[in-house]
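Q: One letter stands for each residue in the lines below.
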Amino acid sequence: MNLELTDEQSFLRDAAREALSRVKTVAAAREALEDPAALPDLWPTAREAGWAGLLVSEDNGGAGLSAFEAMLVMAEAGRVLAGIELLGHLPASSLLDAAGDSRVAAVAEGDLRACFVAAQPPGDLERRWTVEPPSGSVRVDAPVLASDGTLRGRVAWVPDAPGADVFVVVATSADGEPVAVAVDADDVSVERAVRYDATRSLGHVSFEGAAGVLLEGVGAPELARAWFLAQSLLAAESLGAVETALAVSVAYAKERFTFGRAIGSYQAVKHSLVEVLRLRENTYALLLYAGWAYMDKPDEFALAASAARSSAGHALDYASRAMISVHGGIGATWEHDAPLFFRRAQLSRRLLGGVGDATDRVASELLSAA
Amino acid sequence: MNLELTDEQSFLRDAAREALSRVKTVAAAREALEDPAALPDLWPTAREAGWAGLLVSEDNGGAGLSAFEAMLVMAEAGRVLAGIELLGHLPASSLLDAAGDSRVAAVAEGDLRACFVAAQPPGDLERRWTVEPPSGSVRVDAPVLASDGTLRGRVAWVPDAPGADVFVVVATSADGEPVAVAVDADDVSVERAVRYDATRSLGHVSFEGAAGVLLEGVGAPELARAWFLAQSLLAAESLGAVETALAVSVAYAKERFTFGRAIGSYQAVKHSLVEVLRLRENTYALLLYAGWAYMDKPDEFALAASAARSSAGHALDYASRAMISVHGGIGATWEHDAPLFFRRAQLSRRLLGGVGDATDRVASELLSAA
Amino acid sequence: MDLNDTPEQVHYRAKVRAWLHEHKDEAPAAQGEDDAAYVQARRAWQGKLATAGLAGVTWPVELGGQGLGPIEHVIVGQEIVRAGVPDILDVIGVGMLGPTIIAHGSAEQKNRYLGPMLHGDEVWCQLFSEPAAGSDLAAVQARAVLQDDGSWRLSGQKVWTTNAHFAAHGLLLARTDADVPKHKGLTMFIVPMDAAGITIRGLRQISGEAEFNEVFFDDVRLDADAVVGGVGNGWGTALTTLMFERLTIGLGSESLGYQAERYAAAIATDEHARLDPEVRRRLGELCVQLLAVKFTGYRMLSALQQGQIPGPEAGLAKVTTVRAAIDAGDLIADVLGPDALDAESEWAYMISFLPGLKSAGGTEEILRNTIGERVLGLPPEPRLDKGIPFSELRAKERAGVAAT
Amino acid sequence: MDLNDTPEQVHYRAKVRAWLHEHKDEAPAAQGEDDAAYVQARRAWQGKLATAGLAGVTWPVELGGQGLGPIEHVIVGQEIVRAGVPDILDVIGVGMLGPTIIAHGSAEQKNRYLGPMLHGDEVWCQLFSEPAAGSDLAAVQARAVLQDDGSWRLSGQKVWTTNAHFAAHGLLLARTDADVPKHKGLTMFIVPMDAAGITIRGLRQISGEAEFNEVFFDDVRLDADAVVGGVGNGWGTALTTLMFERLTIGLGSESLGYQAERYAAAIATDEHARLDPEVRRRLGELCVQLLAVKFTGYRMLSALQQGQIPGPEAGLAKVTTVRAAIDAGDLIADVLGPDALDAESEWAYMISFLPGLKSAGGTEEILRNTIGERVLGLPPEPRLDKGIPFSELRAKERAGVAAT
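Residue numbers (the working numbering), protein chains in the order written: chain A, 1 to 370; chain B, 371 to 740; chain C, 741 to 1144; chain D, 1145 to 1548.
For reference, chain A alone in the conformation it holds in the complex:
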């Protein structure tokens, strides 16, 4: 057993941190709230760094790495609130790779940007494959692939949909089986949706008789794995944001004085920051679990990834509120970074089933195994 990062993993992480440090992503996150054009296009950075092909096998032109390496990159993106379209791209790329789709080399290269139109696998309360509704608490059916090969349906709040070149859509076939269908951007209608966190590219995606290519060899287990991969990536991204929130808050707590003492010497502040650390440590441990399960314990991957997502969502919620609170009034102002982390927390925890569904899945997996 060795849970330290390997040299390659450390290198990947450090290189990501370095590459992302060249762009003022946090400042851009603020500007983009008022001017979407202020958001830098980080896809070229992702291409150059080889992130696009991270999960594509070497045979298909990728780096052949695993989920944990992808999480390391996501954490670095989260650390600086960088809006890179990896949450949509990476799970899609792994499905295209599994199916040996003709586009996979271009996707691995980053010449084509892929978007995963995810569906939540059935559980013991909800027996269908479901996707995000535009509004409200009732999830809706995944798109349907008719027997003539055309795709119909609508999926709301799809991460990284705007501007994607190829969509990998989880659908149900005419006979009710879950399938993956690759659809070119031309056949997809994408309505851009910006909510609260301008760095998060979202779209409502509609298929109205779109022609799709059925991905062969990709069935329920692979589709579930892709869903939980997305959960892990979102968790990792949140972890990175937690780490920044903690570091910035700790620094401020050392230098800000009140009643003659640095505020970090007060238990209320100190214990709250240690609570952020506790949630951070828990989340990191669960990401290790998810990374390990992805490779070596496929039966536990749903549990591990859901637990990581649940932990990360809670951690970022707490950390971003603590960041505001430790900074006193100034932490709630537009010019401060804390609100940007708060925005990230609020929107992220409601995407892809939300933290609530992830927590329920943890219970569901454990209850089913009991």
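The set of hints was computed from the structure by calculation and includes no laboratory data.
The model shown is predicted, which means the values in this text are computed figures rather than measured ones.
Just so you know, nobody snuck in bad clues.
FRET-style restraints, in silico, Cβ to Cβ: (1) B:S380 x C:N744: 18 to 26 Å; (2) C:H1012 x A:S147: 27 to 35 Å; (3) D:N1148 x A:A251: 37 to 45 Å; (4) C:G997 x D:G1451: 53 to 61 Å; (5) C:H1012 x D:G1451: 49 to 57 Å; (6) D:D1149 x A:S147: 45 to 53 Å.
A few chain D residues that face chain C, going by a derived Cβ cut-off under 10 Å, partial list only: (7) P1421; (8) R1424; (9) R1426; (10) P1526; (11) R1527.
Pairs of lysine to any residue residues, derived as SDA-like cross-links and limited to a Cα-Cα distance of at most 25 Å, are as follows: (12) D:K1502 x D:I1470; (13) B:K624 x C:R1123; (14) C:K1126 x A:A268.
Glycine residues also receive a C-beta, built at the ideal position from the N, C-alpha and C atoms.
With chain A held as given, fit chains B, C and D onto it using these hints.
A: Chains B, C and D alone, transformed into the frame defined by chain A:
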């Protein structure tokens, strides 16, 4: 508007405190865990003080007071963990009073001790009148009054059932209507059940063709009112326990030193005790609401009493844990009082639908009104 | 114990309701753009309310008020909410600063300022907090230096100032002696907001709206008669304002809009969520808190009516309200999804606003300290700033930062 | 990153498993009455484990151990759980006190004590905490006074002592000099538990069981060679024990029984509750915590294997475990009802036990202080006891209480 206690209310409260101070009830609560016979019989105290007839109208030989006065007495009982059988007696007495039952004078006098065999009124999730199950999360149907006037059914965890003289049972009639039936002790089988808090008299009650007297003029509104009265009384009793837990913890936090400072000077301890105070204040305010609604806003009584119960249950849970925690290791020892308050908290919150059902009822009432 | 109106209160309520019914068409919208025309309309409406006796209800009659009790004040507030019209614009002036001038001001100051304040002719702002003096208010650094002619020269910065951009006057706490311990060298001033050397800048919050302002003072001249309550007595004067602040927040809680019914209505629109036990548990728990706050408010009002001054524990109601409203925002966004976070949504504004409210106005942590010490009698935190001249204290803090 | 066993570990695990399989019938029950016969059976079983190399896995070979790493230690622990047999009886001795003697003891002490300890022939207890010295351990008052003949006379009281009633020896922290600051006047001793003047009294917990003892010392004579690690060095020696305590708790967490699977199994028995979203949310949240603790344990183990010493943040795992288990007890009692609180129920014991565990062993609050300061680098609390002779400090505290 005047929410101060009236002189009569203050007198009632002070007299109760005085009467209960004559018995070492907290010490008895500990001894009774090993020897049930150590529990003092406080019914004579209740009789003498006139609590048995508190809610019976003056015409029927009672004091003609209202729910808030009963809550004041319950709070005093809770303050010293006194096991008096008022939780069962008082709602029963009010129903006998409403029906003008022949036994009401003796009940008001305390010559007969009554026991309310409660049923939870229907809500928007559960449409039946239900009673406590012996175990598990599924509530069971209230007893059934056959058309021949005999009663059948079983109700678990009935407060104050052992030794009661007359049982006032919420049942459903042959045509499905909720009714109240008075049954003499001879016709009732009571299995005493002691769990965790030895001061709480509980019984599993069975009716196997018992002959009952239908209480005339008592229908669904009166039965619901009695259920929510019991909720308020339990809430008030918990409030009293919270107040003792707070006072004892504050006193200890002033005199115990660590690292050269009184522990009450540390924010972790101080803020936790202020949290107990906050929960105490909230609960008291809701008891005022319940007392007022009982008299003047019957439509809001279900909401008010459920809110009070929910708040009190949470407050006592928190306060008794804080009491243990502030006292460090010694607070978790058998000889200390803190565990007795903890036991009180743990059992009380699971009686009569539990704090969970009360909280759900708050939501249900507000959602229905929306 | 009686929560119902007395016959006199029933009568008063009816009178208020009748006036509002008759005049409600003259009122501007309850929410409007933050522009000059809207402010002007709100000021005019305040004037009408004042003339009708619906502003300054608890002010003494000889100073233009009604000389009535807190219950009448609340009755007016309830009826204003019920009529769907806006309350007075200058809640801070009439609720907090006016009463401070009534308590500590000179006869001339009362004559000059209270009338125009009450009628909305002159709006006021509160200039207490600074970037380095928030919860530790006695640490203010804005400096007023006495001149040979008896006037003062003021320099420094204030922050979190509501209404500064259209206020005529401000009540300002400044340091006039740095060589004595920090609570002792403070003085309260009335500042004309159009004086030379004042710069006002909007301070945007998470939501993007400028709820507050920063106000900069660059060698601003204040006349000798600007002093309120005596030189060196600023801390005592400020405590009066803070006491009225607590009162205003406490009595005004119903109009904050953080009500159980409102959140329940939002959840009730979702047929699936309203039957979900997990949603109901969360809704129930936060509504219990809000109902408790409502009746805590009545308790406070009742105590006030008996002549009692609310203690610091009254601040717990705000803690409870903010927490419960945060939980409500969370729950509603969980149920409604990302659209609840849309810039146009009423919930997005609330979700954005609350984290700041939690930190503002004396943080929850300081409040808990105060209540623990003054209400529960727990021993104080070790204070490292006691009895030390303010100037030395600042030097020590700077040394502390450099050392870490 | 690799969570799987290496080939060597696979081999080691197989060997351990084979031995346990072969000998498990010789083991006593995992839980038994707290009587002499059961203790004797457990001691004998410890002897067999030690002889087979399954006790003291990380102790040096020359002192009777296996000289292996923490992973092998954990493998043994996992296989013992798997085999359903009890672990060694004297976890405190072998896990914490033995390593302290190995680090600080004399050659004679190592020779005399370690062998019998490892084999269960002599059980040990830890005599550190006192009624007024719990989380503030350096405040111990038990007094050892040097005699002219070089022996010591010990008086005082210890508390929270596990196994004292059948221990042969105790490791005891005493004050030997009250005229120096409190950390400096302490010395560590080995105490024969059958010495004249020692009284042991069981200390019952909420559950009614005597998990711990109080131990009273009335002028107990200790030989000169009872000192471990030097006179006046007791604090440093104690820190070593505390570090091994953290390690033992960290590495032993799997056998505590606070596992996600166990709680899920309890809920799964209730067909209604297992489909209730509110129950599932609570179950999911607490299980997330417990799964995190499990993998945090692996992280710690991996770091140990690389030669790193776990920092104080390792204590957060205990905080998380206790909280999650408290939540689990709550949830299970909510679902099962009052029967979960029956004296015979496994849940009643857990529900009763946890609140004390939360306060014990260095409270959560002290731990958060330590982590905040040592891991996050936050400034310390003001310390009022620094550099003050212990005798004066006590006088000040007494004055403080008198004043309130």
